[in-house]
Amino acid sequence: QITLEESGPTLVKPTQTLTLTCTFSGFSLTTSGEGVGWIRQPPGKSLEWLAVIYWADDKGYWPSLRSRLTITKDTSRNQVVLTMTNMDPVDTATYYCAHRHCSGGSCQLFFDHWGQGALVTVSS
Amino acid sequence: QSVLTQPPSVSGAPGQRVTISCTGSSSNIGAGYDVHWYQQLPGTAPKVLIYGNNNRPSGVPDRFSGSKSGTSASLAITGLQADDEADYYCQSYDSSLSVYVFGTGTKVTVL
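As given, the protein sequences belong to chains A and B, one line each in that order. Numbering follows our numbering, in which position 65 of the first sequence is assigned residue number 65; successive positions increment by one, without gaps. Numbering follows our numbering, in which position 98 of the second sequence is assigned residue number 1098; successive positions increment by one, without gaps.
This list has only true hints and no planted wrong ones.
Straight-line distance between alpha carbons at most 30 Å, and here's what the computed DSSO-like set of lysine-lysine pairs gives: (1) A/Lys59 to A/Lys45; (2) B/Lys1107 to A/Lys45; (3) A/Lys13 to A/Lys45; (4) B/Lys1047 to A/Lys45; (5) A/Lys59 to B/Lys1047.
Hints listed in this document are in silico derivations from the structure and should not be mistaken for laboratory results.
Taking the hints into account, I'd like the entire structure generated from these sequences.
And the structure:
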């Protein structure tokens, strides 16, 4: 059974750096094909994909946020960390981590398991 | 940030059929990338409803179905029920940006 859980601060000040941790179980990021992504959702708005990291340490970022985002993995702890620099009130959102679908060696480009989300408010 | 376009809202009476469109471009849906659909109930995380254009995960009723043609896709809900009230999002992959892309989202209201 795959589970993911986000953790991090609920409130950050403008210009600060946000660090979010996704702790997962039920799969390993050392297994070929596996990946974990981060998606956010501003209040009342749509889903926005931010970043992904794969088993081979390949990474992808949303282009307009690339300069502010860093995604890393700690396979020994089954964790993925997302950092976002220079936070702004418009970055206020619920941040989700999610498992990229990979089952029995077949992987597809969607997210089949999601964490419950972590609401991050950016305010002074 | 949304690359895929959906109608903001659709509504229907209980038992009716509603459809939600998802329009992309030649670099995502039109490039052959699969379309996936998520249901998001109020206050909860999104849940996969349809994957690979027209496949349902176990536990998803067959009232939900998906299709894809050209640069667009659709989600159909038949036999609309009160607990279908939720936000629905399509998602694909975009080769020009090498990114996962989501739709603008559609709120389904059961009248």
